[in-house]
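Peer 1: Protein sequence lines correspond, in order, to chains A and B.
Every letter in the first sequence is one number past the one before it in the working numbering, and letter 139, counting from 1, is 139.
Every letter in the second sequence is one number past the one before it in the working numbering, and letter 247, counting from 1, is 247.
Derived by calculation from the structure, the hints in this document are not laboratory data.
Note that this is a predicted model, so its numbers are computed, not measured.
Mixed in with the good hints, there may be bad ones.
Treat identical chains as interchangeable: a pair holds within one or across any two.
[What the hints assert, rightly or not] Only pairs whose alpha carbons sit at most 25 angstroms apart, straight line, appear in this in silico SDA-like list of lysine to any residue:
no. : residue 1 : residue 2
1   : LYS171    : HIS74
2   : LYS25     : ILE55
3   : LYS171    : ALA120
4   : LYS25     : PRO202
Read off the chains here:
2 protein chains.
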Amino acid sequence: MAILITGVAGFIGSNLARKLLSEGKAVIGLDNLCRGSMANMADFAQHPQFVFHEIDLTDLASYQACVSQYALKHPISEVWHLAANSDIPAGISDAAIDLRDTFMSTYNTLEVMKRLDIPALCFASTSAVYGDLGERLLQEDIGPLFPISNYGAMKLASEALISASVESFLKSAYIFRFPNVIGTPATHGVILDFIEKLKKTPDHLEVLGNGSQRKAYLHVDELIDAMLYIQSQARAPLNYFNIGAGDEGIFVRDIAQLVVAAVSPHATIAYGEGDKGWVGDVPRFSYSIEKLRKLGWRPKLGSVQAVQLAIKQIVADLSRA
Amino acid sequence: MAILITGVAGFIGSNLARKLLSEGKAVIGLDNLCRGSMANMADFAQHPQFVFHEIDLTDLASYQACVSQYALKHPISEVWHLAANSDIPAGISDAAIDLRDTFMSTYNTLEVMKRLDIPALCFASTSAVYGDLGERLLQEDIGPLFPISNYGAMKLASEALISASVESFLKSAYIFRFPNVIGTPATHGVILDFIEKLKKTPDHLEVLGNGSQRKAYLHVDELIDAMLYIQSQARAPLNYFNIGAGDEGIFVRDIAQLVVAAVSPHATIAYGEGDKGWVGDVPRFSYSIEKLRKLGWRPKLGSVQAVQLAIKQIVADLSRA
Numbered sequence: 001m002a003i004l005i006t007g008v009a010g011f012i013g014s015n016l017a018r019k020l021l022s023e024g025k026a027v028i029g030l031d032n033l034c035r036g037s038m039a040n041m042a043d044f045a046q047h048p049q050f051v052f053h054e055i056d057l058t059d060l061a062s063y064q065a066c067v068s069q070y071a072l073k074h075p076i077s078e079v080w081h082l083a084a085n086s087d088i089p090a091g092i093s094d095a096a097i098d099l100r101d102t103f104m105s106t107y108n109t110l111e112v113m114k115r116l117d118i119p120a121l122c123f124a125s126t127s128a129v130y131g132d133l134g135e136r137l138l139q140e141d142i143g144p145l146f147p148i149s150n151y152g153a154m155k156l157a158s159e160a161l162i163s164a165s166v167e168s169f170l171k172s173a174y175i176f177r178f179p180n181v182i183g184t185p186a187t188h189g190v191i192l193d194f195i196e197k198l199k200k201t202p203d204h205l206e207v208l209g210n211g212s213q214r215k216a217y218l219h220v221d222e223l224i225d226a227m228l229y230i231q232s233q234a235r236a237p238l239n240y241f242n243i244g245a246g247d248e249g250i251f252v253r254d255i256a257q258l259v260v261a262a263v264s265p266h267a268t269i270a271y272g273e274g275d276k277g278w279v280g281d282v283p284r285f286s287y288s289i290e291k292l293r294k295l296g297w298r299p300k301l302g303s304v305q306a307v308q309l310a311i312k313q314i315v316a317d318l319s320r321a
Numbered sequence: 001m002a003i004l005i006t007g008v009a010g011f012i013g014s015n016l017a018r019k020l021l022s023e024g025k026a027v028i029g030l031d032n033l034c035r036g037s038m039a040n041m042a043d044f045a046q047h048p049q050f051v052f053h054e055i056d057l058t059d060l061a062s063y064q065a066c067v068s069q070y071a072l073k074h075p076i077s078e079v080w081h082l083a084a085n086s087d088i089p090a091g092i093s094d095a096a097i098d099l100r101d102t103f104m105s106t107y108n109t110l111e112v113m114k115r116l117d118i119p120a121l122c123f124a125s126t127s128a129v130y131g132d133l134g135e136r137l138l139q140e141d142i143g144p145l146f147p148i149s150n151y152g153a154m155k156l157a158s159e160a161l162i163s164a165s166v167e168s169f170l171k172s173a174y175i176f177r178f179p180n181v182i183g184t185p186a187t188h189g190v191i192l193d194f195i196e197k198l199k200k201t202p203d204h205l206e207v208l209g210n211g212s213q214r215k216a217y218l219h220v221d222e223l224i225d226a227m228l229y230i231q232s233q234a235r236a237p238l239n240y241f242n243i244g245a246g247d248e249g250i251f252v253r254d255i256a257q258l259v260v261a262a263v264s265p266h267a268t269i270a271y272g273e274g275d276k277g278w279v280g281d282v283p284r285f286s287y288s289i290e291k292l293r294k295l296g297w298r299p300k301l302g303s304v305q306a307v308q309l310a311i312k313q314i315v316a317d318l319s320r321a
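This is chain A alone, in the form it adopts within the complex:
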């Protein structure tokens, strides 16, 4: 049996593929290589249990043809659908980006699964489906769900279609609502931004917003550990879990200071105004992982430790490049 991963060349997809291969699984990886890259898969691209196919998931006919061809050799037990737009601000200026990459990629994945009779889907959803619910604790069953970015909207749309599919043809689905995830290979996000800014101006770091934004961060290794744990333990047709660090998070100003300390200790930090980085960015939220704790999983690292580890890994990665 083989496992199909969409978005395999991206940040989370490449880490997941590496992990599954290390456990002896056969992996079929798909990616359009727009945001992901071959470099992210360099260490396992030649693995005998791994095949990679460059493909645009928004072209249903070629998506189906491609998966059929592999399914003939190895029956596919499950799809991990991780492909999506990861640039939230870009998706707000142009809704077509999230329509295509975040939603139509899910729609087509479900169509292919229906036609080829693939029973299980693992889906990368997001805390952004909750929109801005103010100070309320974000547990999985909260409502209403009014996302404030097209990214969040198209992830919620994907969840809705998965839910309807479980009612009609899909055997089982796992919806993982991701927090902010960090680690390597870093493709975007505040840590990479700060490091790259400091490379250009080593004595000076400009921070978007006043630094009072607080967010929880989870390291990618822990995210993958949590997903595989959920998949092995949760048994409903439709399973949905928040995944996160489960703490209050870390302030942007603390991230800025940690990055400065690691990269350019003498740099001064200048803050902007307001507590929102950009339109569609939820300033602060409290994310419950109680349901996941009850299932028996908890993170080993808090947000601050995860950020420290990620800074170290990203800096090491960049110095090798």
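Keeping the supplied structure of chain A fixed, place chain B upon it in accordance with the hints.
Peer 2: Same frame as chain A, but now just chain B:
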């Protein structure tokens, strides 16, 4: 100023257009005439304040060109986006139907509104966004939202995109979550089904399911009254309301008996098995209209009275045809 209605030739669209014209408003009506028909608009098609344009909303370029042309003459104050697939079972066997007619029509409507700077959207959503939450009272802020039909999924997807649009460019939006709506011109639904079955076999009515399904029904005149009331009273950027009869509803077996009494009093009724009519049909739910009551609106007819009135109107309509 003019008001744009999509799906104007359908059941609710045609009733809304008639009402707005009677209030002296100028109405631009769009429809692809797949499920709607010119006959539904016969009494107001020649109204001097009304223009109709047959168009496929899923073609963004021609949608925009069409609306631009009218917007040059009459600035458009608001869009009532009612166009959607209305055949839930069809959308379950072929997800492409709801993708296109229920979701992409909304996506394109928002794109046109963004490009032409139209400030307000009124949107026909549905109780189907709630999925099957068992015995829980369906008030607007309940969660989780896991629809069980592609129709419900693509309405929730539309809501999500509207919500994100309010955050970025749309001035105001009204999301109306419709109950089962009845009246004329009837295009589908249990009353019409029963009447048509009895026309074929006047001595015999076969009911899908055991008749124990209970649903609340609202008459279309009351639905429109409620929507216009909400629009005049609610003032948030994003307003969302359940609309309904606010009662426990009527059993399918009672509808069967009322139809038989009105159409073919000597017919016998035969029931099937189970309490679900089809995949994706929520067997029973309790729909709260407390939020709408608090705003100051309440229905004049209960579900039973609404069904009685609708049967009378549909029978009269069919005898004229």
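Peer 1: Confirm or reject each hint.
Peer 2: Going through the hints against the structure:
{"no.": "1", "hint": "LYS171 to HIS74", "result": "within (19 angstroms within a copy, 52 angstroms between copies)"}
{"no.": "2", "hint": "LYS25 to ILE55", "result": "within (22 angstroms within a copy, 51 angstroms between copies)"}
{"no.": "3", "hint": "LYS171 to ALA120", "result": "within (6 angstroms within a copy, 41 angstroms between copies)"}
{"no.": "4", "hint": "LYS25 to PRO202", "result": "neither (44 angstroms within a copy, 62 angstroms between copies)"}
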